[in-house]
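Asks: Here's the letter readout for the chains.
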Amino acid sequence: MLELKDVTVIFNEGTTLEKKALDNVSVTINPGEFVTILGSNGAGKSTFFNTITGSAKVKSGTVLLDGQDITDQPEHVRSRTLGRLFQDPSQGTAPHMTVEENMGLAISSNRSPFAIAVRKKEEKLFKEILSELDMGLEDRLKTPIGLLSGGQRQAVALMMAVANPPKLLLLDEHTAALDPVSAKKILEVTNKLIARNQITALMITHNLKDALENGDRLLIFQDGKITHDFKGEEKQKLTLEDLIHCYDV
Amino acid sequence: MNGTILLNAIQLGLIFAVLSIGEYITVNVMDSPDLTVDGSFVTGAAVCAMLTLQGMPNLGLLASLLAGALCGVATAFLQTKMKIQPLLAGILTMTGLYSINLRIMNNSPTVNLFVGGKPAQTILSNPDTRLFVLLTIVIVIIGLLYFFFKTNLGLMLRASGDNEMMVKSSSINVDNMKFLGLALSNALVGLSGALLAQFQNFADISGGTGMLVLGLAGIIIGEAILRPKNIGMGLVAAAVGAVLYRILYTLALRLGFAAADMNLVSSILVAITISIPYIQKLMKDQKLVKGRKKNA
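From first to last, the protein sequence lines are chains E and D.
Just so you know, we're using the working numbering here: the first sequence kicks off at 1 and counts up by one.
Just so you know, we're using the working numbering here: the second sequence kicks off at 1 and counts up by one.
Note that these hints are calculated values from the structure, not bench results.
Misleading hints may appear alongside valid ones.
[Unchecked claim] Pulled from the structure, derived: some chain E residues nowhere near chain D, Cβ distances all over 12 Å: (1) LEU187; (2) THR200; (3) LEU240.
[To be verified] Listed next, with one range per pair, are the computed distances between beta-carbon atoms: (4) D:ALA260 <-> E:LYS121: 14 to 24 Å; (5) D:ASP175 <-> E:LYS19: 26 to 36 Å; (6) D:LYS83 <-> E:PRO95: 23 to 33 Å; (7) D:ARG103 <-> E:PRO95: 37 to 47 Å; (8) D:LYS83 <-> E:LYS121: 33 to 43 Å; (9) E:SER112 <-> D:GLY96: 46 to 56 Å; (10) D:LEU251 <-> E:GLN73: 56 to 66 Å; (11) D:MET82 <-> E:GLU13: 20 to 30 Å; (12) D:LYS118 <-> E:ILE116: 42 to 52 Å.
Built from N, CA and C at the ideal position, the CB exists for glycine as well.
This is chain D alone, in the form it adopts within the complex (with noise of 0.2 Å):
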């Protein structure tokens, strides 16, 4: 792999750290995955490319923030107000989402990001600084939210995930904290979205598929890695493995896995890394089993 190669996959990893950091608030924080994150992935880049294409690329990733906090906010209205169960709720929200997203690329499938024949003109444009915004850009993200976390209305939070049966007999408002989780959560991952779509200078209705997996992906490698002991070093952790992930990933491609793969791939490692704490219990009771019948 050279050096190109090696800085592009950083740098895609960064934009994917973004959306494994928005995940980790609903997986780790909230204790409830999110499936709203492959519809909210894609609105995020739709709107950003739309207003990018008008010559406004930045207002296009703040848009990306509140476009992805507004779907995270139906599938909270949803698990709430309506009491649909958590998965079903993101599944309905994700699928709803497909309309208005091809709604908001004007009913097609791709939108290029190029104006008068040239790429549009953002944030992510100068190859040489690129590295470093997308850097700052997360930097500030773990900077905020680990503040965040610390604040009153951070532990109301986490405590509605850790423990919300205490929560509920507290004068915290359960359905609040749903609120504020999912929408957080999902602005971030409409700002990765956003945030890919300048990258690749393109937006594409079906680019969400699969996004909750590899973001998830994110998470466990940097966990498996760093093995994080509080809030903070979880969400390092995350971005750290989001990179990882990317390299990795690019690895794969370059030894000949067809990108169509990749999702397979993604579904496989998680499955595994999750099951591992299980199957290391089964072979330590085994191994037990067997030194009492030996000594026998």
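Isolated chain E (complex conformation) (with noise of 0.2 Å):
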């Protein structure tokens, strides 16, 4: 599915501040897999989904999705199989348009550039969508989104995310600035959503525990290298324990 091979990524290349970002990483990510991803700041977890995005430039190595070489790909040709998800929930969605219309431009990559983008077709399929995170957003469809809090941008956003299944669903701390009420509904949707549509997924965290909660494998970054790899019962039987130690080391 995704595969990074010896990719190496340096920030300020031959300037005092010069930093490498991802250090000879390489890793394959297996379809259908919820991968979560830990480590410290710094430690080059964005790099890495900044490079599967294409918003990072790669020094060595090469990045394939499908089998295809996208290592040079340009950001916005990669975003049509690729969705993702910020840690600002303002980051999503376009504030002044509305909710429809923000879930109409999700789906608008692959129509008719002329053809109306909400009619009532649209507005029957979005309520559906959205009816089904229990948020009564259903009703909101005419509202402007920056009206709504972080928690239900956030929500839409996801839902926008997944409206196209994409081939690979980036979530980077996306949980990270809402509260927990509302952490906790969001995940318990992303957790639903990539499980019912067999979504391949890679969600940055700083919470252990939801690292440990969701996903079928664990990867944790430190200094521009993975350094561990949890998966399936490996994985299952993790503690929070055992993974303070991983980030000790």
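Dock the two chains into a complex; use the hints.
Replies: Below is the structure:
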């Protein structure tokens, strides 16, 4: 599905600020896997995501998605097959556009550019999608999304990210900025959507508990390298205690 | 103000409504005012004037749309492919356009639209139908744009102005959206210049000075009066505001303001209107402080 081969990314090369953000990283993500990712600040988690999306340029190595070399593919081209969610809820939606217009945008890329984006048919579809959240958002289709709370916005952003089922879903601490109740809700929905649509997903988090309780594989980044990789049963048996040890090394 | 003068003001206002609607695309939708306007307005006027003199006034209006769009494309190229700041990119295009406009006008600072000693025949020549023609043009433009902003492409353009970060991480090419938006905006600005040239029967190389602010004044007045909640109302408000501003402008002239002072009036009006929300907030905060001290 996703394969990184000996990927190295260097920031500020040739200056005193030079930093190896990713150091010869190789990893293969299998179809349908839900991978949680841990690591302290600056360990390379976000850079890992950015090499997948194309916003960080790779110094050496290759990035393959479904066997296709996407190392130098422009960002907006590979975005067609990627879904992405950020920490800041305001980053994933357009505030002055209504809920239904944002949803329309999410499914717009493979539709005729001159067709009306939101007709009765789409409105019905969006209502269906949003009612699944059980947050009453299906009755607020005409509300500018900037008027919703952070949790509500993130919920819509999540639905937008999976509206066109992506090959790969990238979740970058997508519950970190939310209150505990909203965070729990969003994480629940995330799990449900991933399971039902059999989406391959990567989730960065700083919450050790979330990393343990979700997903079927866990990667730990440190100094630009993947230092631990727990799969299947090994991950199931993992405890909080074990994890803290991994961090300390 | 008598009827003829009022009618004249409304007709001019409708011509500037096209300008305000064009600017609405960059200022409100793309959230990035575009200074190309002062140049592309004249480009539209110049292209249309030359074709009108050749006996092709309607082709001239169409050509002004295209010429304006090209000006927008030039600015978009500077912004996206050469990474020049939006404001500077607009200034560079506008400055360069002065030379190009002069060339289009055969190196003459003004072009009079007279053929054989008589004003050229255009869609605006007949005073009885002029108002109707202009009104139709404005309504058709608003209708088309309203429809466009509801299409998939329209949503993409709006989103790239509303949250560029989000669009950058999506499959939408932000650069292409800048080309689209600037071309569309300046096409309308060019058309506005062309209509003014046919209305006044002349084109002037310096006719673009102050047009950006004039268009903004229309948008701002419309917003203050109609308080539009969505993009369709926003477009209507820009047009209504432009007509109202032209009526006020005419009144001011009748009250003895010199025509040359009007650019200053437009600037002051726009500056004050934009800062009103901030001033209101300051006054509110001060009231709070006073109230607290009184109670203490």
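Asks: Evaluate each hint against the coordinates.
Replies: Each hint tested on the structure:
Listed as a non-interface residue, LEU187 of chain E keeps its Cβ farther than 12 Å from every Cβ of chain D; the least gap is roughly 21 Å. Look at THR200 of chain E: its CB is around 18 Å from the nearest CB on chain D, clear of 12 Å, so calling it non-interface holds up. Consistency note on LEU240 of chain E: stated as away from chain D, and its beta-carbon is indeed over 12 Å from all of that chain's, at 33 Å minimum. Restraint check, ALA260 of chain D to LYS121 of chain E: a C-beta distance of roughly 57 Å breaks the suggested window 14 to 24 Å.
Between ASP175 of chain D and LYS19 of chain E the CB atoms are about 29 Å apart, so this pair conforms to the stated range of 26 to 36 Å. The hinted window of 23 to 33 Å between LYS83 of chain D and PRO95 of chain E holds, with their beta carbons roughly 26 Å apart. Separation of ARG103 of chain D from PRO95 of chain E is about 44 Å and conforms to the stated range, judged on CB atoms against 37 to 47 Å. In this structure, LYS83 of chain D and LYS121 of chain E meet the distance hint of 33 to 43 Å, their C-beta atoms being roughly 41 Å apart.
Evaluation of the 46 to 56 Å hint for SER112 of chain E and GLY96 of chain D yields a failure: the beta carbon distance comes to about 37 Å. For LEU251 of chain D and GLN73 of chain E, the Cβ-Cβ distance of about 59 Å falls inside the hinted range of 56 to 66 Å, so the restraint holds. Distance hint check: the CB atoms of MET82 of chain D and GLU13 of chain E are about 24 Å apart, consistent with the given range 20 to 30 Å. Distance hint check: the CB atoms of LYS118 of chain D and ILE116 of chain E are about 47 Å apart, consistent with the given range 42 to 52 Å.
Going through the hint list in order, the structure does not satisfy hints 4, 9.
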